[in-house]
Each structure stands twice: as C-alpha cells, then as structure tokens.
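The whole structure should be built from the sequences, with the hints applied where relevant.
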Amino acid sequence: MVKVCDQALSKLEAYGFGKDDIFAVHLALEEAFLNAVKHGNKMDSSKEVKIDYSVDLDKIEISMTDQGDGFEPSSVADPRYGEDLYKPGGRGLLLMNSYMDVVKFNEQGNSLYMVRYKEKPRLTKDKDQTEV
Amino acid sequence: MAEIKPKIGVQYSDNATIVSFTDEKILEERDIKALQDSIMSVVEQAERIKLILDFSNVRFLSSAVLGLLIRISKRIYEKDGQLKLCNINPKIFEIFKITRLTTTFDIYKDVESAVEDLS
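Residue numbers (our numbering), protein chains in the order written: chain A, 15 to 146; chain B, 6 to 124.
To be clear, the hints were calculated from the coordinates, so they are not data collected in a lab.
Careful, some of the hints might be misleading.
Stated by the list, open to error - Keeping only pairs whose Cα atoms sit at most 20 Å apart, straight-line, the calculated SDA-like set for lysine to any residue is:
| id | chain 1 | residue 1 | chain 2 | residue 2 |
| --- | --- | --- | --- | --- |
| 1 | B | K96 | A | E133 |
| 2 | B | K102 | A | L108 |
| 3 | A | K118 | A | P87 |
| 4 | A | K33 | B | S61 |
| 5 | A | K132 | A | S77 |
| 6 | B | K79 | A | K33 |
| 7 | B | K96 | A | A91 |
| 8 | A | K101 | B | I112 |
| 9 | B | K79 | A | Y95 |
| 10 | A | K33 | B | N94 |
| 11 | B | K30 | A | H40 |
| 12 | B | K102 | A | D20 |
Printed below as a string of structure tokens:
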C-alpha cells in the first residue's frame, strides 16, 4: 500500500495538483485501506486489497476492493454526534467523504470508487470589487 | 541491533507534563500502539496529571490517532487529570474540525497558552 500510495501521490504532484489535494487524497487512501483491511478483510492476512488508480490533468480516480463480505455504508453511525463522538473509531468514512469529491460503494459494499478533482486556485478578491 | 526510534519526547515543567510526538507521519497501527503504550505509561505515573500533547512535528495522521487521543483523554479524566493539545497545524486541525473533536479536546496555539490555561 505504501508503494501504491507513494506512486499515486507522486503522480498527483507531477500533474500539478496542490498540497491540499495531495493531503486529501493521501488521507482518503489511508482511511480506505485501513477500513478494507480491518473491516473488510477482518485482518485476515491471506486476503488481499486491490487498489487501482488513474490520474489525469484534472482528477484522480481510485478504486479499492477487498475480499470481505461487504457492508452497508448507510448503516455506519455518524461519529460527530452523541455517544459516537466519544468512540475511538468510526471516523474513516466521514473523512473519506469530506476529502474526496465522489465516494461510492458497489452494491455488496466491498468495492469503493473515489474521485478527487483538482482544486481550482482561489481568486483573490479585489477590495474595490462589488459583490454581485 | 536495530535502532529504536523514540516516538515521543517528554518534558516536565513545574505544573505540566509535555509530550511531543517525534514522527511527522503517524499512520501505522504498530506505531499508534507504541504511542499508546508510551503515553499511557506517562499518564499512569502521576495522579491528576496535567498533560499537554505537542503536535509541532506532526504533518500527517490517520483517524486511528484520533481514537488514541480519545482513549488517552478517557484515562486522564478517570484519574481527575487534564489534557490539552497544542501546535496543531492547519491541515491536521481541519481533521479535528471535520470530526467535531474540536468540541471534545482543548486545543491551543502553543505550549505556553496551554500551560497558562491549566487549573
């Protein structure tokens, strides 16, 4: 995973993605992989996690598939509220959804597709500009 | 013999114990386990510990580190201690904001501000 991650992030840099994009993709990759290994493959070292990615001028697409039984993403509790705020785990999916522009699971729930679009540079607002 | 790289630095001041993370990236489960063991042993050394965690060196962490912080905070509060976090860079702070852990942890700009706010 380290090799795939380093390769993907190097490619992002080569394609002119900024530091925020690289940080975001790195975090999403790590969280997705951890989930695939821990929750998908149930820490079974005989099971694999397959990672594919492609980078072009304006986006990175990542797919990740584990060999587990899958899960229902909507069944994961929101870790930001109530008792779940104080639980040690359960934040990976939230972070993936926050940092990637697209996060989709297949029907079974053992294969993930994520996209991050290259961040557009922020325009500096001229003090004299009137807001429309 | 393989060199063991320390995961934390520990400093004792008059009224606080300051633990700094030495690694830039905190990702691997074994590293997080090692951190837990080290920090918990510091916590267990004192009753009512006033612990400040200094994130100056940290550039990247996974959500598993947030879990570690929650476990540490629970133990500290069981022992009637205090926990403060400081020197968190904007990208890492964003992770705390997204997960609403800014409402759970006391986070300060630097060690001095954290120490000043200890009761």
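Indices of hints not satisfied (ascending): Structure breaks hints 6, 7, 12.
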